[in-house]
Amino acid sequence: MRATVGLILLAVIGVGVGISLLAIPFGAPKTEIGDYYIENAREDTGATNVVTSVVVGYRAFDTLGEVTVLFVAALGLGAVLATAGGKRGRSGVEPASLILSAGNIFLFPLILLFGAYIFTHGHLTPGGGFQGGAVIASAFLLVYLSSPGKRINESGASLTESVSGLVFVAIGLLGLTHGTHYFLANFLPKGALNTLFSAGIIPVIYCAIGLKVGSELAGVVDNLMEETE
Amino acid sequence: MSLGLLLIVAFGGSLLTYLLGKVSARTRDAFAVLISLALVVMVASLYGKAFRVPFYGGFLGMPLVLRIDGLSWLFAIAASVLGCLSVVFSLGYMKGKERTSFYYSMLLLVIAAMLGVVLSGDLLSLFIFWEIMSWSTFLLISYNGGPALAAGMKYFVMSFVGSLAMLAGVLTLHGSFGTLEFTGVAAGMSSASPGYVLAILVLFGVAFGTKNAIWPFHAWLPPAHSEAPSPFSAVLSGILIKMGVYGFLLLMFVIVGLRTFLSLGVGRIEFHTVLSIIGAITILLPTFIAIFQNDAKRLLAWSTVAQAGYIILGISFGTSLSVAGGMFHFLNHAVFKALLFMVVGAVEYRTNGVRDLDSLGGLIKRMPVTFIVAVIGVCGLIGVPLTNGFVSKWLIYKTLILERSPFLAFAALFGTWGTILYSYKFLHNIFLGQLPQRYEDMERAPFTMLLPMTILSVVVVLFGVLPGIPLAVIDTIGVSFGFESLHVTPWGIASDTGALNTVNMLVAALVGLVVVWCVFRSGARSVSVGQADSYAAGAAVPRDKYQYSVRFYAPLRRMMAPYLKDFVDSFYMRLAGWVRGLGDGLRRIYTGYVGDYVMYILVFLAVLIFVQIAWSPW
Amino acid sequence: MIIIVSLLVLAMLTAAVAALIYRDLLSAVIASCLVSLLASILFFFLQAPDVAMAEASIGAALVTAIFVIAIRRTKRYEE
Amino acid sequence: MVSPVLLLAVPLGLALCVPLVGRVSRRAAGFVPVIASLFNLVVSIRLLPTVLEEPIVANLGGFPPPFGITLFAGPVGMLLSALIALAGLVVSLYALSYIKTGPTVRYHTLYMLLLVGATGVVLTGDVFNLFVFFEILCISSYALVAYVGDRAGIEASVKYLIQGALGSALLLIGIGLLYGLFGTLNMADIAARIDSVDSVPVFVAMALIVVGLGVEAAIFPLNAWLPDAHSSAPSSISAILSGIAIQVGLYAVVRMVFTVFGASSVLLFFVFLGLLTLLIGELCAFAQNNIKRMLAYSSIGQMGLIMFALAIATTGSVTGGLFQMVSHTLSKALLFLAVGYMVYRSGSLEISSLEGMGRRMPLTSFAFTIGVFSLVGLPPFIGFPSKLLIVRSALAEQGVLLQVLIGLVLLATVIEGAYFFRVIQTVYFKKEEGQEARQDAPPMALLSMFVFVAFIVVIGVYPNLITDVLESGASELLERANYIGSVLG
Amino acid sequence: MSFLHDYVYYIGAFGLVAIGLLIILVKRNLIKLIIGLSILDTGVNMFLISVGYIRRGTAPIFSRPGLEPDGMVDPVPQALVLTAIVIGVAILALALALAVRFYKTYGTLDLRKAKELRW
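Chains as they are written, first to last, in the numbering used here: chain A, 1 to 229; chain B, 1 to 618; chain C, 1 to 79; chain D, 1 to 489; chain E, 1 to 119.
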């Protein structure tokens with residue numbers, strides 16, 4: 001019954017959306033803004049990855065908001081789980097096999113390094129702070145799986161979160177006082193294209209984001225795994 | 001004397017009273033009396049003046065203005081005097097009750113708001129003061145708790161409906177004429193279409209009619225009057241509901257204008273006749289409901305509704321005599337009804353809150369002064385010659401007969417007969433008959449209660465004997481409305497149309513008294529016989545068993561009771577029930593299951609899209 | 001090319017339907033993980049390597065992990 | 001030069017500091033929101049005069065409008081941001097004494113981020129940025145609703161989250177359609193390209209966006225989460241949710257419909273929808289015995305009224321609608337704050353359990369009464385001029401339809417008055433059984449309530465204090481061309 | 001075939017959206033609902049990316065110096081989707097935390113059994 005009604009509703013909505021899609025032909029070039037970004041991104045931001053230049057350059061404010069969303073979710077998750085009270089511990093995850101835990105010792109720093117690579121090269125290659133952060137978090141996830149007793153250093157994680165977030169905001173505010181006097185303006189020298197130390201504030205921000213996302217996601221996993229009796 | 005200062009004293013006094021109450025109860029009481037006295041003096045000093053003062057630059061672009069003229073002075077003086085007397089009466093009545101600071105503060109606030117209402121020079125400030133009056137009244141009515149809560153609620157809802165109708169009216173006028181000052185609106189109204197004027201009259205009529213408790217908007221009044229603290233009942237019945245009268249007078253004769261008002265109607269049905277008939281209905285039904293009340297205050301409350309009917313009948317009939325009668329009756333009713341409520345208050349005070357007519361009786365021996373003032377008040381209420389009620393009712397009867405309205409005249413007279421019945425019941429069941437044993441060692445009413453009652457009873461007689469004093473004021477108001485003058489003399493009215501001379505009555509009454517005295521003197525001396533001797537043949541029977549005031553008018557009641565249900569009230573109650581039922585049903589859509597909520601969201605979206613695709617109305 | 005894409009889309013939708021149907025939450029999560037993975041491949045075809053990376057690392061890996069943890073702490077089967 | 005971006009950046013930075021401060025002292029963490037709100041209040045008020053003359057358009061990152069994200073600080077934005085800051089300030093003062101248990105540091109951080117999200121929504125000039133800030137607002141609300149962690153809180157939060165997340169997804173589809181159709185995300189740029197919403201694609205995009213935002217704005221069929229969430233959250237959060245969050249949601253809807261879509265043809269529908277929301281909210285509240293739930297339903301009703309007023313779309317009515325927003329924020333927040341401690345002392349949410357509160361908590365009850373009077377629209381409190389403006393502007397329109405509708409609005413007001421005054425009677429005049437000792441709310445909480453009371457009375461008596469801002473706000477909302485011009489031109 | 005050519009991505013995207021909505025609509029298990037949300041999110045993201053696609057375009061990265069800007073796909077939707085993915089994961093994480101708490105409080109994940117707040 002519910003499913004039938006639901007399908008009818010979805011059909012109606014689908015027809016509406018379908019008609020709208022006719023006006024958005026798939027695969028046709030259409031936006032001036034996209035063209036503008038592609039044309040000018042290298043000059044404006046110094047990044048060769050246009051997506052990065054959009055994410056951390058043109059629409060950096062969105063990204064600030066997005067980082068905040070993740071921050072909010074991590075905090076909220078902590079708050080929701082913390083109110084249960086009781087003593088903390090972890091159970092339900094059996095100790096992993098020797099291979100996994102042993103391999104993890106080697107794997108963990110490598111994954112971390114890989115994550116760092118991803119976010120430091122965000123302005124040059126695909127990837128960036130979010131992807132890198134996720135990779136870092138998955139390194140921690142691996143640790144949790146292999147050795148259940150291990151816990152993230154919570155205060156360290158929250159310190160990283162706060163400080164890297166503050167770095168982001170501070171860079172934004174510095175833009176207000178330096179260079180072109182706009183919030184989040186790229187006031188650092190842009191350097192040569194396609195080199196690691198280029199694109200002004202973009203790599204700095206992406207590093208901050210990477211650390212922040214990594215610590216937040218790791219914290220999320222950690223919090224969720226935590227058993228409260 | 002500036003009007004702004006007057007209002008500042010009034011409103012500021014109310015606030016200060018509350019704050020002083022936190023310091024010392026005695027200071028507060030003295031201060032409250034002082035403030036109310038000051039208001040009387042200030043209002044009195046404004047006699048005969050007519051001017052306007054803007055006092056607020058622009059409330060959302062609408063300037064607020066105060067003004068005074070004869071009409072507003074009349075109501076202002078009535079409000080301030082009654083208010084003052086009520087405060088004095090409260091000194092005794094409220095002693096030892098809780099939250100007295102709140103009570104005094106609210107009482108003064110109501111008085112201040114009433115003064116604001118009558119001194120307003122534009123409709124917006126009228127509305128603002130009207131609303132302040134409404135909510136402060138609500139708080140005072142609910143003050144007693146228990147059944148007073150329902151009473152307060154009923155009052156608030158009905159009066160809020162009225163105020164909002166008024167708000168709609170006020171803002172419609174603002175939309176049409178761009179001004180809210182009485183003169184400006186009046187100028188605009190003179191050229192407005194009759195339908196428009198009628199609509200405005202109806203909107204305001206709901207507000208004023210509710211406050212004035214004309215049928216079918218009276219349902220709030222009986223519970224509210226009976227459950228409020230008695231000194232406040234006096235204010236409520238005496239002056240507060242008369243704000244509706246003020247509103248009607250203002251609306252009909254100042255804003256709409258006499259000529260337009262009288263010619264207004266749909267086809268052959270004239271608006272003012274309809275209003276008169278409503279007035280007549282308001283006289284008849286409540287009068288007979290009042291007869292069967294066993295609660296002294298409720299009886300008076302229904303009586304108030306009925307008397308309000310006279311006033312409406314008078315002013316809406318629209319001749320110079322009737323309008324003068326209506327206005328005079330307002331003044332008289334204010335005096336004697338306040339007096340009677342105070343009487344009940346005094347009785348309540350001494351009997352610890354008993355006001356059930358079946359269990360009182362014989363208090364004449366314990367409260368003689370109260371009894372005397374009660375007799376005077378009741379005489380005024382009935383309209384015995386040489387009391388004020390007679391004059392005003394006479395003016396109304398006279399004009400009804402002169403203008404050949406037999407039905408209305410009959411209704412008015414019939415109402416008076418009913419008034420006699422319930423007034424007598426009131427007087428008898430409280431003061432005459434057996435004194436129940438539990439009241440054997442009751443004390444007299446305290447001075448602070450006797451003083452206001454005495455003053456009011458003096459006024460009842462004064463206005464009855466010298467009706468020229470108030471009629472002179474009323475006459476000038478009538479003239480300002482465009483009526484012809486009444487030719488008032490101190491003893492009555494000299495013109496052909498409404499000749500009235502109290503000197504003749506005074507002489508007749510004196511002669512009658514002398515004759516009766518002679519007759520009684522010439523007969524044998526009366527012999528006093530113990531009650532038990534004649535009723536119980538000397539057997540010792542507990543006296544309370546002989547309380548023959550119980551179930552007064554029982555046969556009449558059996559006869560008429562089925563026809564005297566308050567259909568309007570039960571309709572309102574059912575309406576309230578429906579609204580609650582509707583709300584209760586509607587909230588079932590919030591089922592608590594989130595899948596349903598998701599469904600709502602998608603249904604809404606789908607409907608939006610479907611309508612657009614199918615009809616594209618947007 | 002279009003055939004491959006169509007097949008991938010079909011597979012993705014099938015996985016989504018599987019997520020709808022499975023009463024075993026763990027299986028449903030795996031199905032939704034599959035949806036993410038296939039979506040990530042499609043993103044790659046749509047010339048969005050950044051997004052593909054993000055979807056793979058966040059949408060497929062991390063989200064699935066969180067789901068699994070949550071399911072372990074609650075209940076595996078729909079009642 | 002004070003830039004409106006400070007209104008977002010500084011509180012955001014401070015919010016990130018809260019966990020750091022919390023390490024030093026948990027108590028000190030509570031003061032950070034106070035400081036941030038105070039900062040925002042000062043900046044907003046400082047910017048108001050400037051904004052009245054000409055809206056400030058801040059291009060973030062220094063990129064010109066269609067390419068970068070812009071903040072648009074017009075009169076409406078500044079007014080609402082000042083309002084958010086004011087309510088935020090007062091409620092954070094209240095929370096200093098109210099929030100004692102649980103992870104308080106997290107509470108204060110989330111609370112600040114909620115305010116940041118709300119401020120962002122009202123200031124942004126970019127559709128996608130709106131979405132992002134909207135999410136900050138919503139997600140922090142979900143978490144805060146569940147803050148206490150009791151059964152009701154968890155249940156309400158779960159329901160809220162599901163509906164909210166669904167709404168966000170729809171919103172995002174709508175934004176995607178907009179981008180596909182017009183190739184831009186800047187509100188003014190989109191607005192410049194839309195003539196009417198007659199064509200199905202534009203309409204579908206609008207429908208999706210309206211539904212997505214409408215979930216937060218408590219428009220009638222989308223508001224089922226509201227009574228649960230607002231009644232189960234801690235009272236300080238209820239105050240912010242009722243006073244700020246849903247109004248910001250409504251602002252977003254209005255901004256999209258008025259400015260971006262210029263959908264004047266749909267407005268009549270919104271008038272009816274507003275009326276329906278109003279009536280349903282008030283009727284449901286009338287049948288409630290749970291005080292906080294009653295307040296929540298009353299919020300739905302008020303949102304309906306605001307929507308009704310805004311959708312009439314004359315200068316007067318939009319002014320009235322904005323005024324009503326201000327008045328609703330102040331009054332409803334005050335009511336929730338007062339009820340918070342009343343409920344805390346009585347230990348039950350039933351209205352009947354508030355008997356005798358007038359004696360036990362006189363000042364709190366007084367504040368509550370003022371809030372009720374104001375909300376019902378009695379003079380001399382702030383609710384009166386706002387309702388007056390709405391009714392006046394609706395009556396000034398020709399046409400019987402609006403006059404009938406305004407009759408219904410007034411009827412709903414009567415219902416509102418009835419249920420609120422019933423509570424007043426319970427608080428003051430019901431004779432309670434046992435006499436409990438007098439114990440009022442703590443001084444900090446009282447202080448915060450009386451700040452609201454002061455505003456309610458002062459603006460109620462001198463509405464002209466804010467009408468200038470409101471009127472230019474109304475013209476900002478109504479005159480699309482000016483908006484487009486000041487951003488793009 | 002040309003229909004597929006034009007619409008296969010849209011079909012995929014909105015197919016996911018529809019299935020996601022359906023899951024939210026008909027399922028009562030909270031975690032299942034959250035899975036539905038996740039699928040819905042993926043669908044929306046896919047839609048956004050397909051809006052930005054340009055036929056025969058290349059990724060908008062100047063990884064080699066010689067690349068021409070002409071044939072690149074629109075970078076904006078990709079940037080939006082990056083944001084949207086993270087926001088989605090944020091909501092999911094919070095939702096799952098709530099689900100865990102919900103289970104602890106009610107002993108079930110069935111939303112029909114949690115109707116204490118209603119009317």
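Read the hints as simulated data drawn from the structure, not as lab findings.
A quick note: this is a predicted structure, and the numbers were derived from the prediction, not measured.
Don't be surprised by glycine CBs; every beta carbon is placed ideally from N, CA and C.
Don't take every hint at face value.
[Unchecked claim] Computed Cβ-Cβ distance ranges for the label pairs, DEER-style:
1. B/VAL266 / D/GLY399: 19 to 27 Å
2. B/SER485 / D/PHE450: 50 to 58 Å
3. D/ILE45 / A/THR177: 18 to 26 Å
4. D/PHE450 / B/ILE8: 43 to 51 Å
5. B/LEU5 / D/THR314: 15 to 23 Å
6. D/GLY485 / A/THR177: 24 to 32 Å
7. A/TYR117 / D/ILE45: 25 to 33 Å
8. D/GLY489 / A/LEU22: 51 to 59 Å
9. D/SER475 / A/VAL204: 53 to 61 Å
10. B/PRO194 / A/VAL15: 50 to 58 Å
Hints, verified against the model:
With their beta carbons about 23 Å apart, B/VAL266 and D/GLY399 fall inside the hinted range of 19 to 27 Å. At about 57 Å, the CB distance of B/SER485 to D/PHE450 agrees with the hint of 50 to 58 Å. The hinted window of 18 to 26 Å between D/ILE45 and A/THR177 holds, with their beta carbons roughly 23 Å apart. Our hint of 43 to 51 Å for D/PHE450 and B/ILE8 is violated, since their Cβ atoms are close to 23 Å apart.
Between B/LEU5 and D/THR314 the CB atoms are about 39 Å apart, so this pair departs from the stated range of 15 to 23 Å. Against the hinted window of 24 to 32 Å, the Cβ-Cβ separation of D/GLY485 and A/THR177 comes to about 30 Å, which satisfies the hint. For A/TYR117 and D/ILE45, the hinted distance range of 25 to 33 Å is not satisfied, since their beta carbons lie about 48 Å from each other. Between D/GLY489 and A/LEU22 the beta carbon distance is about 33 Å. The supplied range of 51 to 59 Å is therefore violated.
Hint check: D/SER475 to A/VAL204, Cβ distance near 43 Å, so the stated range 53 to 61 Å is violated. At roughly 54 Å, the beta-carbon separation of B/PRO194 and A/VAL15 lies within the given 50 to 58 Å, and the hint holds.
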